[in-house]
Amino acid sequence: MFAIAAVVFGGAVVLLLLAWIGRGSEGFPVLGKREKLEGRAVVVFGIVVPVVVLVVVFAFANLVVIKDTDAPRASSTAMTVEVTGHQWFWEVRYPGTPAVTANEIHIPVRTRVSLVAKTDDVIHSIWIPRLNRKIDTVPGHPNRILLEADKPGRYRGQCGEFCGLQHTHMAMYVFADTPDRFRSWLRNMESSRRTPDTASERSGERVFLDNQCASCHTVRGTPARGDVGPDLTHLQSRTTLAGLTIPNTGPYLASWIRNPQHIKPGNKMPSLGLSQPEREKLLDYLESLR
Amino acid sequence: MATIASPKARERLDRLERIWEEPPGIVGWLTTVDHKRIGLMFFFTSLAFFAAGGVEALLIRTQLIGPNNGLLSPNAFNEAMTMHGVTMIFLVVVPMSIGAFGNYLLPLMIGARDLAFPRLNALSFWIYLASGLFVYTGLAIGSAPNAGWFDYLPLGSKEFSPGPNIDFYTLGLIFNGLSSTATASNLVVTTFKLRAPGMSLNRMPLFCYAMLATSFALVFALPPLNTALVFLELDRALGFHFFDIAKGGDSLLWQHLFWIFGHPEVYIIILPAFGIATAIIPTFTRRKMVAFPLVALAEVLVAFIGFGVWAHHMFAVGLDTITTVYFAAASLIIVIPSGIQLFAWITTIVTGTPRFKTPLLWIVGFIVLFLLGGLSGITFAAIPFDQQLTDTYYVVAHFHYVIFGAAVFPLLGGMYYWFPKVTGRLYFERVGQASFWLSFVGMNLTFFPMHIVGLLGMPRRQYTYPGDLGWTGYNLVETLGAYLLACGLLLVVGNLAVSRFRGKAAGNDPWGGDTLEWSTSSPPPSYNYAVIPRVTSPYAMWDREDREADVRDLTGGGERVLEEGHETPASSVLDADWDEILDMPSKSWSPLILAVVLAAGFAMLLAEHYVVAAVCGALALLVLAGWHWKEPQEA
Chain A
1 MFAIAAVVFG GAVVLLLLAW IGRGSEGFPV LGKREKLEGR AVVVFGIVVP
51 VVVLVVVFAF ANLVVIKDTD APRASSTAMT VEVTGHQWFW EVRYPGTPAV
101 TANEIHIPVR TRVSLVAKTD DVIHSIWIPR LNRKIDTVPG HPNRILLEAD
151 KPGRYRGQCG EFCGLQHTHM AMYVFADTPD RFRSWLRNME SSRRTPDTAS
201 ERSGERVFLD NQCASCHTVR GTPARGDVGP DLTHLQSRTT LAGLTIPNTG
251 PYLASWIRNP QHIKPGNKMP SLGLSQPERE KLLDYLESLR
Chain B
291 MATIASPKAR ERLDRLERIW EEPPGIVGWL TTVDHKRIGL MFFFTSLAFF
341 AAGGVEALLI RTQLIGPNNG LLSPNAFNEA MTMHGVTMIF LVVVPMSIGA
391 FGNYLLPLMI GARDLAFPRL NALSFWIYLA SGLFVYTGLA IGSAPNAGWF
441 DYLPLGSKEF SPGPNIDFYT LGLIFNGLSS TATASNLVVT TFKLRAPGMS
491 LNRMPLFCYA MLATSFALVF ALPPLNTALV FLELDRALGF HFFDIAKGGD
541 SLLWQHLFWI FGHPEVYIII LPAFGIATAI IPTFTRRKMV AFPLVALAEV
591 LVAFIGFGVW AHHMFAVGLD TITTVYFAAA SLIIVIPSGI QLFAWITTIV
641 TGTPRFKTPL LWIVGFIVLF LLGGLSGITF AAIPFDQQLT DTYYVVAHFH
691 YVIFGAAVFP LLGGMYYWFP KVTGRLYFER VGQASFWLSF VGMNLTFFPM
741 HIVGLLGMPR RQYTYPGDLG WTGYNLVETL GAYLLACGLL LVVGNLAVSR
791 FRGKAAGNDP WGGDTLEWST SSPPPSYNYA VIPRVTSPYA MWDREDREAD
841 VRDLTGGGER VLEEGHETPA SSVLDADWDE ILDMPSKSWS PLILAVVLAA
891 GFAMLLAEHY VVAAVCGALA LLVLAGWHWK EPQEA
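Chains A and B supply the protein sequences, listed in that same order.
Read left to right, the first sequence gives residues 1 to 290 (the working numbering).
Read left to right, the second sequence gives residues 291 to 925 (the working numbering).
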């Protein structure tokens with residue numbers, strides 16, 4: 001496509017240069033003044049050439065390539081991942097299992113996965129450029145595309161449709177794992193939260209449940225059943241926080257809890273006004289959610 | 291007009307002068323119905339909004355100069371990018387091209403003394419000004435629209451955008467639509483009925499074809515937009531559910547309605563520019579356009595086919611494959627009329643004897659940029675490609691090549707081209723050429739890297755970006771390019787502003803122009819032509835004998851002077867045979883008052899004072915009644 005475009009563009013620029021060179025005389029620079037030829041040039045370059053080129057490009061792209069970007073046939077895929085857009089994070093579910101995560105999708109490599117695109121609020125667009133097309137999440141119209149990675153690795157993706165204040169910080173990763181790694185990851189994700197071991201973790205869980213945290217977040221195995229923010233049951237299985245805004249490491253997590261509005265202004269998480277000791281316990285607890 | 295010697299001619303001119311004279315000073319401007327004065331008001335107002343939209347663009351580019359920059363808050367960025375789009379599309383390009391260029395030039399080119407409905411024309415301007423100020427009031431009070439210029443639902447609904455921001459958008463654009471509709475209808479009727487005797491449709495300049503096609507497209511494209519906006523405001527203000535899936539509505543309805551308007555809008559934006567190109571090219575190449583009928587046909591076809599391609603803005607929403615393939619095919623068809631025009635321009639330049647003066651330079655620049663924008667546009671008809679690159683900087687690059695390169699460049703070339711006609715003075719040629727090269731280089735530095743950064747995966751409408759994705763260098767170049775471009779544009783304005791006072795006298799026809807406007811004085815008198823010209827070809831100004839006959843008519847007893855009243859002739863639609871003589875309305879306060887009352891009504895709708903809004907509506911009807919009160923005709 002780019003080669004054809006380059007040829008057309010180059011041709012036109014050459015013609016304009018010829019006009020500059022031949023600015024002193026009438027008619028074509030080399031061929032001279034020939035009325036019929038002028039009309040024919042317009043017909044050939046303006047109608048015939050474009051029609052031929054366009055038909056070829058169109059047929060290739062929209063009849064051949066398009067098969068890979070269409071919704072996959074239900075019988076042709078081995079598993080399903082459901083991705084739901086929220087202002088401003090991605091909720092990821094694996095239908096048939098209780099596993100829930102956010103912003104980081106794990107799939108087995110070389111496996112045809114059906115990605116179901118949904119939204120909880122406005123229109124977002126799921127876009128992992130190296131794996132497939134962009135697909136909008138439209139209220140009331142769940143969409144499907146194929147997600148298939150040939151090589152193991154980490155693929156970056158992000159929201160492709162403007163979805164409000166923090167559209168910018170709504171990125172995601174797709175991890176294409178070997179089948180074994182994927183299975184063990186999924187087994188872990190299916191389980192409820194790891195029971196707190198230490199006294200600090202236990203009181204951290206109390207801080208979590210007694211403050212606003214639990215009204216917005218879910219931690220399976222506890223009474224926390226909120227659905228405003230991401231599921232935190234296996235928070236430590238993720239490498240990033242806040243839609244890839246910061247890495248998921250102790251210091252970043254601590255600063256996020258202290259002032260989430262500083263890092264991602266306008267996101268729905270408030271500063272909780274916890275005391276320093278409370279924050280430390282909470283952090284211990286969150287770091288135990290592997 | 292050549293020198294007028296005979297006392298008889300002098301006397302007739304004096305009569306015309308008295309009949310068409312308007313009050314001096316500010317009152318004259320507030321009550322004017324002269325298409326040239328209204329055109330100038332459109333011009334300066336849209337220029338002011340162009341500056342505002344330009345500042346917004348520079349803010350956006352400055353914010354994106356490097357990763358994780360904090361110049362603008364996320365909301366300020368979203369307001370800036372939304373206002374930039376709304377301003378440039380609705381308050382700059384359309385009013386500038388049809389409100390200023392169409393208004394000022396169309397009657398001159400067809401040999402008429404005014405538009406068909408002069409007072410409606412004044413109303414168009416005052417509504418345009420009021421609607422622009424209305425939208426900008428939102429910015430002034432810190433509640434500018436912030437959901438993008440196409441304001442997708444449900445993001446723009448009350449639930450997700452509770453403030454008045456989106457109401458400024460909705461009501462402001464409905465208000466603005468009144469102005470565009472009025473101007474467009476006015477231009478359609480004028481083109482069909484007020485052409486000079488002999489100017490049958492096949493002898494009409496291509497500029498007028500472009501204006502006619504644009505005006506038709508506007509009249510048909512605005513109703514879907516207005517429908518969508520009224521639905522949205524009903525949803526927001528009164529709790530209707532047109533776009534609410536939970537209550538049986540659908541947010542996709544908005545996208546369809548918006549783009550049924552939005553795609554023809556693209557052609558509405560560039561067709562006048564095509565018209566300007568077809569006016570400038572013959573003059574500066576000293577030859578007639580190659581393939582004139584094909585080009586005229588292409589201009590009309592573009593406007594028509596533009597209505598059948600809207601869903602190519604929606605290839606990522608998950609429409610059926612069969613639907614997307616249909617729309618991709620329809621979108622490809624539009625390449626053909628564009629290709630015809632492009633190669634007709636190029637062939638004309640190549641085979642003519644071009645003088646590369648400033649106006650032609652802008653047009654050559656336009657051809658190059660339109661070609662690039664068109665070629666990148668074709669790639670979107672490959673559906674899988676579109677699904678990758680829609681909503682990335684690749685699409686931002688594409689539509690700026692089309693809208694800035696293909697629509698604004700000819701407008702700038704047109705400013706230089708008709709500057710001598712409007713002011714009677716010449717601009718500074720060297721500065722003009724410098725301003726072109728600065729803008730051309732700046733434009734390409736700003737927008738070309740966007741193709742690459744889009745292909746690298748940078749989505750549009752992000753207020754910042756991470757530094758580790760390889761986007762930083764491109765963004766830096768884009769921002770520097772934007773400043774260079776701004777310098778080029780300031781140089782255009784500076785050149786014209788200084789030339790207005792210091793430029794050399796231009797005379798009637800400094801370029802050897804091909805169309806009628808060059809036959810009258812510069813600036814044209816309030817009645818445009820002392821003798822209504824008689825036309826025998828599309829290049830009326832190159833028919834020397836016809837123009838000399840016009841002059842003889844003035845000295846002799848010719849009836850085409852119409853010095854008995856405030857009159858212009860009407861002619862038949864196809865052949866432009868002299869039909870009847872129309873009494874034209876003269877100056878009036880009514881359009882201004884009506885626009886003010888309507889603005890108050892829209893402000894009250896925004897404030898949800900519906901009773902007061904209804905009172906404003908009733909007042910508007912009273913003003914209309916006053917408007918149509920038959921006033922005594924002036925001598």
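These aren't lab readings, by the way, just hints derived from the structure by calculation.
Incorrect hints may have been included.
[As the list claims (entries may be wrong)] Here are the simulated lysine to aspartate or glutamate pairs, EDC-like style, with alpha carbons at most 20 Å apart:
| id | chain 1 | residue 1 | chain 2 | residue 2 |
| --- | --- | --- | --- | --- |
| 1 | B | K448 | A | D121 |
| 2 | A | K118 | B | E449 |
| 3 | B | K448 | A | D120 |
| 4 | A | K268 | B | E449 |
| 5 | B | K537 | A | D120 |
| 6 | B | K578 | A | E38 |
Results for each hint:
For a cut-off of 20 Å, the pair hint linking K448(B) to D121(A) stands: about 12 Å separates their Cα positions. Pair hint K118(A) plus E449(B) holds up; C-alpha atoms about 18 Å apart against a cutoff of 20 Å. Under the criterion of a C-alpha separation no larger than 20 Å, the hint pairing K448(B) with D120(A) is consistent with the structure, at around 16 Å. Straight-line distance between C-alpha atoms of K268(A) and E449(B) comes to about 15 Å, which keeps the hinted pair within the 20 Å bound.
A threshold of 20 Å between alpha carbons decides the hint, and for K537(B) with D120(A) the separation of about 15 Å falls inside it, so the pair holds. Distance check on the hinted pair: K578(B) and E38(A) sit about 12 Å apart at the alpha-carbon level, within 20 Å; holds.
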